[in-house]
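A.B. asks: Spelled out, the chains give:
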Amino acid sequence: MKFKIKKGLDLNIKGFPVSDIKEVDLPSEACLDPRIFKGIKPKLTVKVGDSIEIGGQLFFDKNNPSCKFVSQHSGKIKDIKFGKRRVIENIIIATDGFNKLKDNDFNFGTRNPSKIREILLETGMWTYFRQRPFSKIPDSTSSPKALFISTMSTAPNSFDPIIALEERSKDFVKGVNVLSKMLDVKIHICSSIEDEGKFNFGNSNVDLHQFDGPHPSGNVGVHIHKIDPIKDKNDIAWYINPQDVADIGSFFNSNGMLYNKRYIAVSGEGLDNPSYSAVYKDTPVHNILSLFKVDEKSTIVSGDILSGFTIESGFSMSRYHDTLTLCLNEVERKFLGWLDPGFKALTSSRTFVSSIIPNLEFSSTMALNGSRRSIIPFGFWEEVLPLEILPTFLIKSILAKDVEEMEELGIYECDPEDFALCSFVCQSKLEVSSIIEEGLVFIEDNS
Amino acid sequence: MNFLRNILDKAESYFSKGSKYEKFWPLFDAPDTFLFSTNKITKKAPFLRDQIDLKRSMFFVVLALIPCLCFGVYNVGLQNKISSGIPFSDAISLPLYDLLMIGLLSVVPLYIVTFTVGGICEAIFSVVRGHEINEGFLVTGMLIPLVMPASLPLWMVAASTVFGVVIGKEIFGGTGYNVFNPALLARSFVFFAYPGQISGDRVWTFDAVSGATPLLAVSSNNSSDSYMDALVNSSTGHIYTWSDMFIGFIPGSIGETSTLMVLIGASFLLLTGLINFRTVSGVMIGMILTSYLMNILGSSSNSSNLMLFLPWYYHLVMGGFAFGMIFMATEPVTSAHTNTGRWIYGMLIGVMCILIRCINPAYPEGMMLGILFANALAPLIDYYVVKSHKKKRMKRFA
Chain A
1 MKFKIKKGLD LNIKGFPVSD IKEVDLPSEA CLDPRIFKGI KPKLTVKVGD
51 SIEIGGQLFF DKNNPSCKFV SQHSGKIKDI KFGKRRVIEN IIIATDGFNK
101 LKDNDFNFGT RNPSKIREIL LETGMWTYFR QRPFSKIPDS TSSPKALFIS
151 TMSTAPNSFD PIIALEERSK DFVKGVNVLS KMLDVKIHIC SSIEDEGKFN
201 FGNSNVDLHQ FDGPHPSGNV GVHIHKIDPI KDKNDIAWYI NPQDVADIGS
251 FFNSNGMLYN KRYIAVSGEG LDNPSYSAVY KDTPVHNILS LFKVDEKSTI
301 VSGDILSGFT IESGFSMSRY HDTLTLCLNE VERKFLGWLD PGFKALTSSR
351 TFVSSIIPNL EFSSTMALNG SRRSIIPFGF WEEVLPLEIL PTFLIKSILA
401 KDVEEMEELG IYECDPEDFA LCSFVCQSKL EVSSIIEEGL VFIEDNS
Chain B
1 MNFLRNILDK AESYFSKGSK YEKFWPLFDA PDTFLFSTNK ITKKAPFLRD
51 QIDLKRSMFF VVLALIPCLC FGVYNVGLQN KISSGIPFSD AISLPLYDLL
101 MIGLLSVVPL YIVTFTVGGI CEAIFSVVRG HEINEGFLVT GMLIPLVMPA
151 SLPLWMVAAS TVFGVVIGKE IFGGTGYNVF NPALLARSFV FFAYPGQISG
201 DRVWTFDAVS GATPLLAVSS NNSSDSYMDA LVNSSTGHIY TWSDMFIGFI
251 PGSIGETSTL MVLIGASFLL LTGLINFRTV SGVMIGMILT SYLMNILGSS
301 SNSSNLMLFL PWYYHLVMGG FAFGMIFMAT EPVTSAHTNT GRWIYGMLIG
351 VMCILIRCIN PAYPEGMMLG ILFANALAPL IDYYVVKSHK KKRMKRFA
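Protein sequences, first through last, are from chains A and B. Residue 1 is where the first sequence starts when you use this note's numbering, and the numbers rise one by one after that. Residue 1 is where the second sequence starts when you use this note's numbering, and the numbers rise one by one after that.
I should point out that these hints are in silico values taken from the structure, not numbers from a laboratory. Beta carbons: idealized from backbone N, C-alpha and C, even for Gly. Incorrect hints may appear among the rest.
[To be verified] Restraint-style ranges between C-beta atoms, simulated for each label pair:
1) T45/A x K20/B: 48 to 56 Å
2) T45/A x S388/B: 32 to 40 Å
3) I359/B x K231/A: 46 to 54 Å
Next comes chain A alone, as it looks inside the complex (with noise of 0.2 Å):
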């Protein structure tokens, strides 16, 4: 099906990657910072001084005790970093550089849904799901009601999909098979209307849907908001990142290897020569940004400039990521301000003269722009939020912990990256995404 999109905002913001790809090399350490996964009680299976191979587990989930969470290299455990009350903040590997892959006897002949449900869960794989409501790993024995992927991306400056996929897409094909074959569910694979008909699988569980219009028409939260709705906190769908699913299809395509390395974006304006990288997986950040010239009062972002998370340069990013930015963080204080004509001015509203010069490329910076407000409802949420949602109320209902409301209004339709746009149009300066997250944790702990 092809759906339009109509609300959002297209943002032309400096520090677009260039296609051509840059090979990081096996860095001498890797590391994982189990925060990156929402709502998992990391329970360690390994300490310093052990040694690990590739697949080799290195925590489990108090939870959900199946589900593993794995090493993606071989060598030895440098360090365990905790925080506050033992948080794991960050587990260190030094790698050997053999890449080991650790001993597995899985049986490939016999592929019943439940020996790939097994599989993933015994190599990791099962992590690379998550879930809506919640944006979590889901249960390991739970099944969703279809499956989401989503081949495109709308965010200002972030990594494209198809780029990886075109070159693997042997293995996303098999991939996508391979979960079908599991899930016995609906997959639905959302493209921009560009890339359609790009890939074909043969197999009627799979759905191909092309979405055009302005982010966040390439959200997996939109694309699911079209397709297959979500009702209640029981109302379950799945959804996964398509490097992940590639990585899939090439452990069953290879009979077991795992696959360790992911095409990233490294964009953003705190970079000279943003581009696109090749780099293994868990490697530090810094690994990553010895290739590039960084601007010295630019901060690193893990994900994409609307909707990451800011991480220090010897953590890894987020395994759910692919893009890595570097956003300037200095801000002057001009004199009067608010009487700045803006020929510059990155803006969606009409106060300022650069919404009358088509085809702006506007430089960013993290400044807010103004101070905390009580919300003012000029309505300019509602202009970019392409959902059937009511955010003024939504807020409301959330800041007044009403779970009633929330439910009503649609919260477990949510996720904080979908109101982005909302944050960057607020005028009060309102942190929508960051009060749709505390919504979603409160509602999961009260209802």
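For chain A, the structure is supplied; the task is to place chain B on it using the hints.
C.D. replies: Then chain B, alone, in the frame of chain A:
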């Protein structure tokens, strides 16, 4: 500007958290962020924010009010001359400078009083409540004198400003939490507390001679054959034509008389997207439909109430209709918060305004009460819109 920045940076150490005057932080923050844009950076995603903030939006609304203010000042001078016995045709050819000076002499004190009194209220609440001083007051302070007659005693302006700011806004929690439009509440305070001063024929009493507003002229006249004959200044005999009223050469509150100037401000605000076209369209539609209805009612019942015969384009240019529609009804906090709700809310204002004007013999002007009434009902409108939205959402799962 580095010099100024240095002074402010030094002063900041006295007001920042943990220092001596920490409590008075809002008093430092307001001028500081007014003079220099903030350098705060985003801590959470998205790491990119629109350049617009409340300061700029509010400043743009103030800009949109400038044409009304300028014409208002001129008209105060003009009406003053007319009420002192000079015929309209002579008064209008008097030197601009003379008229403006008279106008400024009565308008400037109103502004000084409003901003001083309102600013103090705002500052006290900010310090006590510990929140930053809100830009919303700039617009409220700008509006209050514009909806008052120029001849209003200054102490009444002060009292109504306190009422508008404190009762209208601050006791609810400040800008964003208010139920009623503070400027309108200030006006209604004068209207009900000192009724003799704000409407009727004492509006322009500079000397003994007074002039009734066109609305009052029509509504208090039961003897003329048509509303055209009634549109006469009873004391000077000057006839109010439609174009006079459109341009604004009529007695009335300072900012409301000129529909032309209001429309200039309106197009600016609509182009910049700071007022919602749905509300404005709703008010117009409600007003036009109700006027037609009243016209039909009037001609079928042969009523002596001339207001019933007034066509919509007269309603548009008389009294505070246009001003209220653009600058009061569209206030985002007190209007409905859903797009469907904004249509209904707007129409309600249009309907109520004309109903009060035509049918209620006590008040010739209905715009203020119409808007306050709709303000009170806006949450109810939203309640039903949200309810039907929830139903519509549930239908998607069927």
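A.B. asks: Going through the earlier hints one by one, which of them does the structure break, listed in rising order?
C.D. replies: 2
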